[in-house]
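There are 2 protein chains.
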Amino acid sequence: MRAILVIADGLGGRPTDMGGATCLERARTPNLDELARKGALGLMDPIAPGVRPGSDTSHLSIFGYDPYRVYTGRGAFEALGIGMDVRSGDVCFRANFATVEERNGELIVVDRRAGRLSEGKELEGAINEIDLSDLGVEFSFRASTEHRGALVLRGKGLSAAVSDTDPHETGVALHEAKALEDSEAARRTAEILNEFSRRAYQVLRDHPVNRRRQGEGKPPGNALLLRGAALMPHLEPITNKYGIRGACIAGGALYKGVARAAGLEVLSVPGATGDLRTDLASKARAALEALESYDFVFVHIKGTDNAGHDGDAEAKRAFIERIDSEFFGTLLSGLDMGQIHLCFSGDHTTPPATGEHTADPVPVLFAGPAIRPDKCEKFSERAAGEGGLGRFSGRLVPQLLSYCDFGEKFGA
Amino acid sequence: MRAILVIADGLGGRPTDMGGATCLERARTPNLDELARKGALGLMDPIAPGVRPGSDTSHLSIFGYDPYRVYTGRGAFEALGIGMDVRSGDVCFRANFATVEERNGELIVVDRRAGRLSEGKELEGAINEIDLSDLGVEFSFRASTEHRGALVLRGKGLSAAVSDTDPHETGVALHEAKALEDSEAARRTAEILNEFSRRAYQVLRDHPVNRRRQGEGKPPGNALLLRGAALMPHLEPITNKYGIRGACIAGGALYKGVARAAGLEVLSVPGATGDLRTDLASKARAALEALESYDFVFVHIKGTDNAGHDGDAEAKRAFIERIDSEFFGTLLSGLDMGQIHLCFSGDHTTPPATGEHTADPVPVLFAGPAIRPDKCEKFSERAAGEGGLGRFSGRLVPQLLSYCDFGEKFGA
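Those protein sequence lines, which keep their order, are chains A and B.
When we follow my numbering, the leftmost residue of the first sequence carries the number 1, and every step to the right adds one.
When we follow my numbering, the leftmost residue of the second sequence carries the number 1, and every step to the right adds one.
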């Protein structure tokens, strides 16, 4: 028995999206409706009723982890989200390129975002050439959008109980990181951060990119501000917990990162862009192929959320129709529904009417031989409210894998 | 967008209440039925399935707090419930006026309830004139019904880890409070309690009320027995958490106390008595007025619970009809339902057939622009069991405020 979970990011909607109906309700979805007739629907609060989920926390919850226990702060998941290799025990920081000036031997922050520079990727290499091996620690830095980036420290005896070097205001000196608890690990981590900051200034100060920016009258990105120390938690891989092999098909870095942390192998799929241009048939074909060698395949489709954030209800409706025809049309033509359990849902609601994640519960569809069918004839938010699976919080993966009889009993 | 939560205390019922139907099912409720047609219904377990809620714990849960984490004991909420000002960190006790006799230098408890005296309010003033400033602590005592009252200690270095002075039996000496943990705060609090007990005996022993009672052959209330030390927990105000201004309209002291602890301003409303005689139209008018200056208004209506405790099904049915006509009739005539989200429910079930709080789930109604309508045509327990919101535990306020897009994301 195999299992496939398909998450359309931000799938849920509100009646305010399309004049009294959600985008899903207005979309023509014959394949999903056919699955709804065969299977059963329900409503999921991604984390808990009335909690507005982030994509990171909701995916943790969907995979069966308690986000209140394992979500240690944005730093770790931000690093995961820009595609960095982050392992349990790593200490992660959010980072900014900033502009500092030397005055009386101090580095005074004059622009916390270095004019929102666009050359972060060019500076990234110089940062990663810094050698901290004398301090017994490995690190990795990655630039993301504009002035943003993330730093990951790896090694023994590190702690996330350290203060920011980011002063969070201008006109003051770059802060020295300090231990926030009385431990050798915290003191050592603070020293490493301060030494890293000094060396980063040395390599950035005269970097050609910054000379060019200064020549153009732009503020140089000559320092890195670090904030939000977070320890990457230990997530017990679901592959261990359920004794399975699992794979992930996703375009967005965050989803790949969470999947990797959960023990899945991240497959590279041509045309999976993580946005509305994604090649949905290609993802479906990749899922069919993966199901030949993996017990569990997780497919993440991002475009629904993008259209929701853009406030574009028509684009969301049209993309849902593409998910139905291109993704599920392709997938279902290659599946033996007697040999698989399938779950389709969203990770939260992103109504185009608000353009933000909201706490509203999300429709869920389960289909497969073990699923008790209900009376639903269609896949939609309202049908899901009448579905035979009722309302529950997160935990789609544990349910799906349990229908396939993977996993151990709790108790005897 | 504004939000209003209306709680009819003990609203839920059982089919045993009125020959096969609940009081709500037998009541004529055209306004609630109209709201049910526009909105959606569900069932709420106030705390969790099968947990019989108190009014304090259920309100904590409805406001989004975990009662298993913040309900530190009856002392703190009993003090809140009789209208005392209780703040985070205060140590609270339930108190009894009792009768003691001096024998061989000991105070022997001869009546733990001082003949269920009725003069508690007259003795209260003498207690509050005790000066504990030499001990570096402030306190407040309030008498409630019969021999009952509550004591609140406020100051630095206090602890709730102290034993009762109440021996819980007669014929033995008033107990010395003892530290229940090895801490300076616990030892200090025990000393303060013992000193308070001695001084209370001194001011009560010869109090005119007690001389009069003794003249009438009644046992004097010449000592205070203290029990159930409880620390008032820190509740993060929902006004902070959601960045809103909130108000409470209630007659009963407990509901005002919980609302105050949750950050709401308690409004004074003429005719809000906290019982069956309450002026429901006045409360609705006050709610409409409050909605002009507050983002969130919580209205508590107590009479349903009173009728339930009285075992008077007909009174409960008639009061529900008054809630529909007087409260909702007035409220809805002044609301623009395109600009508000409304939630109506109970805090638990109080079936007249049992006369006690029961664990049965409670019907919930949500209405407003973000709510996906369901097929329910009527507001009742049975309709709610088929409602599009399914079944969930507590958390009405987080859901309601999230529909209004208040509050931050958890995660990114």
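Please note that the accuracy of each hint is not assured.
Not close to chain A: a few residues of chain B, all C-beta gaps over 10 Å, as computed [stated by the list, open to error]:
1. Glu292
2. Ile371
3. Pro373
4. Ser393
5. Lys409
Within a straight-line C-alpha distance of at most 27 Å, the following computed BS3-like cross-link-like pairs (lysine-lysine) qualify [claimed, not checked]:
6. Lys375/B with Lys38/B
7. Lys178/B with Lys378/A
8. Lys375/A with Lys375/B
9. Lys38/A with Lys375/A
10. Lys375/A with Lys38/B
11. Lys378/A with Lys241/B
Since the hints were derived computationally from the structure, they do not count as laboratory data.
We put the CB at the ideal spot given by N, CA and C, even for glycine.
Hints versus structure:
1. Glu292: holds, 23 Å
2. Ile371: Given a closest Cβ separation of 7 Å, the condition is violated.
3. Pro373: Check fails; 7 Å does not lie beyond 10 Å.
4. Ser393: violated, 8 Å
5. Lys409: Its Cβ does come within 10 Å of chain A, the nearest being 5 Å, so this is violated.
6. Lys375/B with Lys38/B: holds, 9 Å
7. Lys178/B with Lys378/A: Between lysine 178/B and lysine 378/A the Cα gap is close to 66 Å, so the pair fails against 27 Å, i.e. violated.
8. Lys375/A with Lys375/B: Holds, at about 14 Å.
9. Lys38/A with Lys375/A: holds, 9 Å
10. Lys375/A with Lys38/B: At roughly 23 Å apart (the allowed maximum being 27 Å), lysine 38/B and lysine 375/A satisfy the hint.
11. Lys378/A with Lys241/B: Violated - the C-alpha atoms of lysine 241/B and lysine 378/A are around 38 Å apart, more than 27 Å.
Against the hints set out earlier in the document, violations occur for numbers 2, 3, 4, 5, 7, 11.
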